[in-house]
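Chains A, B and C supply the protein sequences, listed in that same order. The numbers in full-length UniProt numbering rise by one with no breaks, and the one at position 13 of the first sequence is 13. The numbers in full-length UniProt numbering rise by one with no breaks, and the one at position 110 of the second sequence is 110. The numbers in full-length UniProt numbering rise by one with no breaks, and the one at position 94 of the third sequence is 94.
Quick caveat, the hints were computed from the structure, so don't treat them as lab data. Any given hint might turn out to be false.
Which stretches of chain B does chain C cover? Using the computed rule of at least three CB atoms under 8 Å from a CB of chain C, they are [what the hints assert, rightly or not]: (1) 75-83; (2) 142-156; (3) 281-287.
All residues carry an ideal CB built from backbone N, CA and C; glycine is no exception.
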Amino acid sequence: MSIASVTAPPSKDGILSHARHIVAENPVTGVSFGLFALFLLAAIIGPYIVPYDPLASDTAAALQAPSAAHWFGTDQLGRDIFSRVVVATRLDMIIAIASVALVFLAGGFAGIASGYFGGWTDRIVGRISDTIMAFPLFVLAMGIVAALGNTVTNIIIATAIINFPLYVRVARAEANVRREAGFVQAARLSGNSEMRILLGHIAPNILPLMMVQVSLTMGYAILNAAGLSFIGLGVRPPTPEWGIMVAEGASFIISGEWWIAFFPGVTLMLAVFCFNLLGDGLRDLVDPQRRT
Amino acid sequence: MLNQIAKRLMTAIPSIIGVIIVTFLLTRVLPGDTAAYFAGPAASEQAISEIRTKLGLDRSLPVQFVAYVQDLAAGNLGTSLTTGQPVIEDIRARLPASAELTLLGLLFSILVAVPLGILAAVKQGSWIDHLCRIVATAGVSLPVFFTGLLLVYVFYYILGWAPAPLGRLDFFYTSPTTITGFYLIDSLLTGDIEVFRAAWSQIWLPAVTLAIFSLAPIARMTRASMLAVLASDFVRTARASGLKPSKVVMGYAFRNALLPIITTLGMVFSFLLGANVLVEKVFAWPGIGSYAIEALITSDYAPVQGFVLAMAILYVLLNLAIDILYGLVDPRVRLEA
Amino acid sequence: MNRREFLKSATVLSSAAATGVTAPAVWSSASAQSARQETLLLVSESGPNNLDIHGVGTNRPGYEVAWNCYDRLMSYGSKTLPDGSASYDRDKLVPELAEEWSLSEGSVTFKLRKDAKFHDGTAVTAQDVKWSFDRAVTVGGFPTFQMKAGSLEKPEQFVAVDDHTFRVDFIRPDRLTMPDLAVIVPSIFNSKLVKSKATEADPWGLEYTKQNTAGGGAYKVSKWQSGTEVVFERNDAWTCGPMPALKRVVWRMVPSAGNRRALIERGDADISFDLPAKDFVELDKAGKVKVVSNPISNGIQYIGMNVNKPPFNKLEVRQAVAYAIPYQKIMDAVMFGLGKPLFGAGSNKVSDPVWPQPHGYATDIAKAKELMAKAGYPDGFETTLSFDLGSAAVNEPLCTLLQESLAQIGIKASLNKIPGANWRGELIKKELPLIANFFSGWLDYPEYFFFWCYHGQNALFNTMGYKNPEMDKLIDGARSAAATNDWAVYKDDVNGFIDIAFTDVPRVPLYQPYLSVAMQKQITGYQYWFHRQLDYRTLKKG
Chain A
1 MSIASVTAPP SKDGILSHAR HIVAENPVTG VSFGLFALFL LAAIIGPYIV
51 PYDPLASDTA AALQAPSAAH WFGTDQLGRD IFSRVVVATR LDMIIAIASV
101 ALVFLAGGFA GIASGYFGGW TDRIVGRISD TIMAFPLFVL AMGIVAALGN
151 TVTNIIIATA IINFPLYVRV ARAEANVRRE AGFVQAARLS GNSEMRILLG
201 HIAPNILPLM MVQVSLTMGY AILNAAGLSF IGLGVRPPTP EWGIMVAEGA
251 SFIISGEWWI AFFPGVTLML AVFCFNLLGD GLRDLVDPQR RT
Chain B
1 MLNQIAKRLM TAIPSIIGVI IVTFLLTRVL PGDTAAYFAG PAASEQAISE
51 IRTKLGLDRS LPVQFVAYVQ DLAAGNLGTS LTTGQPVIED IRARLPASAE
101 LTLLGLLFSI LVAVPLGILA AVKQGSWIDH LCRIVATAGV SLPVFFTGLL
151 LVYVFYYILG WAPAPLGRLD FFYTSPTTIT GFYLIDSLLT GDIEVFRAAW
201 SQIWLPAVTL AIFSLAPIAR MTRASMLAVL ASDFVRTARA SGLKPSKVVM
251 GYAFRNALLP IITTLGMVFS FLLGANVLVE KVFAWPGIGS YAIEALITSD
301 YAPVQGFVLA MAILYVLLNL AIDILYGLVD PRVRLEA
Chain C
1 MNRREFLKSA TVLSSAAATG VTAPAVWSSA SAQSARQETL LLVSESGPNN
51 LDIHGVGTNR PGYEVAWNCY DRLMSYGSKT LPDGSASYDR DKLVPELAEE
101 WSLSEGSVTF KLRKDAKFHD GTAVTAQDVK WSFDRAVTVG GFPTFQMKAG
151 SLEKPEQFVA VDDHTFRVDF IRPDRLTMPD LAVIVPSIFN SKLVKSKATE
201 ADPWGLEYTK QNTAGGGAYK VSKWQSGTEV VFERNDAWTC GPMPALKRVV
251 WRMVPSAGNR RALIERGDAD ISFDLPAKDF VELDKAGKVK VVSNPISNGI
301 QYIGMNVNKP PFNKLEVRQA VAYAIPYQKI MDAVMFGLGK PLFGAGSNKV
351 SDPVWPQPHG YATDIAKAKE LMAKAGYPDG FETTLSFDLG SAAVNEPLCT
401 LLQESLAQIG IKASLNKIPG ANWRGELIKK ELPLIANFFS GWLDYPEYFF
451 FWCYHGQNAL FNTMGYKNPE MDKLIDGARS AAATNDWAVY KDDVNGFIDI
501 AFTDVPRVPL YQPYLSVAMQ KQITGYQYWF HRQLDYRTLK KG
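This is chain A alone, in the form it adopts within the complex (with noise of 0.2 Å):
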């Protein structure tokens, strides 16, 4: 690998044109900018502006369907489809990030160390990645949440877990292709330690491709979350969050009710979509090379 061929990041303003040549040019993309932000609203100030209080029960008003009272009808206990969707929303979105951003650490690092050290350090690394890809992931995530507990912080970890291997992956060959870059062989020459390259030169450098990955996960890290929920290993009740509202409306489906898993299930997967699409733009934004 040749010094020339690593080149150096654009600058902000290029970023900021280019973003906006991304958008002109596929406006699919500028539509999941413009989901995305409206989720993160709704996130947000979401509970704050709902209709109804979501745990709010009200059996008087129990399985109507959507109204203009209630947009998105009410579910057994008489609670609004609508404000549950909007409130769970912040939910979603916290196990999705702090999933990722756990599994980003962790796997960035863990690549980094291994695609940069190799030998050892990557032969662990690898073997852990391996004996992780040898499950079928959603199945493990089951495991983990079913000995650990079923509580949204065991959640968030058993998705860390199992999008570990992909993280590692992406990060570590990023680390190798530069281990020999000429950015890096100044700073090592000039006396810096190699945890100092490490953190300070080789992982800003791969930070952007970390960031795609990041999005792509997201989406996953949700669908995978909503899967846990629905075979009943997911969030307790009677908390809102759409993976449970859908398995909590599965039921219901077949009578007639399809409101109640139908809005928590478009939501969710508006916001996967979102998330898949958001991740396909900033690849382009990041890495004009790799665009797909």
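Starting from the known structure of chain A, fit chains B and C onto it as the hints suggest.
Then chains B and C, alone, in the frame of chain A:
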């Protein structure tokens, strides 16, 4: 060649050892007292501790681990509490059901995603390109259990196009003689068209559910690798020398784009095995995924261990198969550890 | 063998199969129609894990297999309930394997049918009965416990007088002894067959009977694929009752409740159990299928409080909870009215010695707050409310409503779903502060329920760890009064212990659930049984 395969197999051994250790630890810390379950509803503390001794649950973890590995070597995976059967029998009976469903889902997915990806690459930037992107991303954004429920509602309950989600065969039919364990194949081999039709009508809906979920990675990879190949010199040369566009795309470009697609297929398959768990639950499919869910929820750890091991072995075999396929598609690639 | 020879032999084989007596593997659609008339398709959530009621950890669906594939000496008669549905009659024992019996002071003697045969053709003898009963009281676990409930404890109690005469000696007078001989556990096994399969490690042949039925009952299991389906064939040589109408019963496991409902609604399945209350109510209203509901005898859904640990060791706190429960909301939103309310009687004093019956509490938040203040918890406290994940369909909405209501009196309860096997383990420890649970006794007597749920012997079902010497005295008193037919004392004792249970409220009964079953209109002959499983023998189709 055989030598290479053996070498390749050797590299999988450390992962398998890792899997055995992790599975053992994971299932031993599962909450839930197997002894209390066995002792029945009216058991006293003493009766429970007797059963605990009988099951060897009072021994230290390393001792239990050694016993577990010995059992494993003897092909004994323990007995399931919920079904009351030896786990190995349960898995043997259920694995073909899962494999048949997953493979068919994968086949559906390939049939749709590969042409879609090729079209998107050939007409890059056109509406079909955007459609490809949206369809693929929407597919992977759907929670499989939700897709499954919706499809059952629409196709069984409203339209009546699919039969009741009752597993692999309507109860009027008896399963075909086991040859491969795949009902679709076995019924054809025995020449029983009626059973084939019955099995087909049961399997298509869950297979479609799985296919929708796996469209995205295949379509994306097809498109990406086609784009890369289409931009390469030899395609340009082929085009310049006046070959028909269809011949260029299918004859030259696609063949060369196959390699990364095959790699993706391997990943997608293991991805589908995980998704299978939820789909099987929705469709009452008697596979090993639904088996593992039931076991996990009742803290029945022998089946969970057996399931995970079966999966790991499947995964290793699959990767091996892909490596061999690689060698066939591209003779330049040698099987190397 | 060359190819030609192979083909020849294959042809011979297939023509042999075609002319053979066995039914063809696949029915053509015409014969399928007539076969369907004699075949019952049954769907339920889960299937048996063991075909033997004496087995280790046999689950509830396993009881159904045992009930239909084995005979007992006696069975219960049937009666028509006020709403027109049929039920077993707890007060009437009828002959099954025994033609007649005579009760004396210290024993009962049965005369067995002479023409009864096991599925393999061997005659049923008193030795088989003795062996089966010995097995039930010896193997331990549930069967031994159930036998004990009727004072059937030792092998010496069971005497095979001659081939067709069998005697049970009583160790104490107990009014539950005779009824207990007609429940599922004292089923009669083919002792010769099972003994031949027994090994040193497994002297009672439990491994064999786990996978195979070895009885002489009206049905036999012809195929069992665990977790998927069980297929029963009628035993055409059955003599212990009128010949059942159904030739074949196919029982499929369908985990999703929505699918089970769809199957019954579209006419694909004949009978469906375990549906959510709402589905039963709606199916009934829609009128396309028949829904039969019976209150589960001696069964209550309740909220239990751990009386040995603060804060629920305080009577006022328990009473506050009893006043805070949103009873009517639960009946409406969770049960859709499908249950018998056990609250709001106006008073905690009862006048009839029957169980279950309503208590005097009703939702009254003001009163509950007052009691909380009196108990020294004006600002409430935090606790967890636990339930079994396996019954989350009912318990989750129920506990959510309760949680909301408790919050109004300052009790912040977080919900704790406990998965299957772990639930029982947690109950044994008796550490959970607050639980929602269900219990029903097979034998429909108040003192039976209280003996397991309130007595100081602290059985597993006394989930609250409740101990009160006064309560024990009344329960024991009622038991011995019933044995000696002293009905005046019995009435006082039963009313006495119900009163204590209501004023002390270690558990708050909510409602008596119904056992509901949905079936196609052409199905007749359904009858409610104490074991809450299906009896195929009386069912008819069309």
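Hints and how they fare:
1. Only residues whose beta carbon comes within less than 8 Å of a beta carbon in chain C count, and the stretch 75-83 of chain B has 4; three or more means the coverage holds.
2. With 3 residues carrying a beta carbon less than 8 Å from a beta carbon of chain C, the stretch 142-156 of chain B meets the three-residue requirement, and the given coverage holds.
3. Requiring three or more residues with a Cβ within less than 8 Å of a Cβ of chain C, the coverage given for the stretch 281-287 of chain B holds, as 4 such residues are present.
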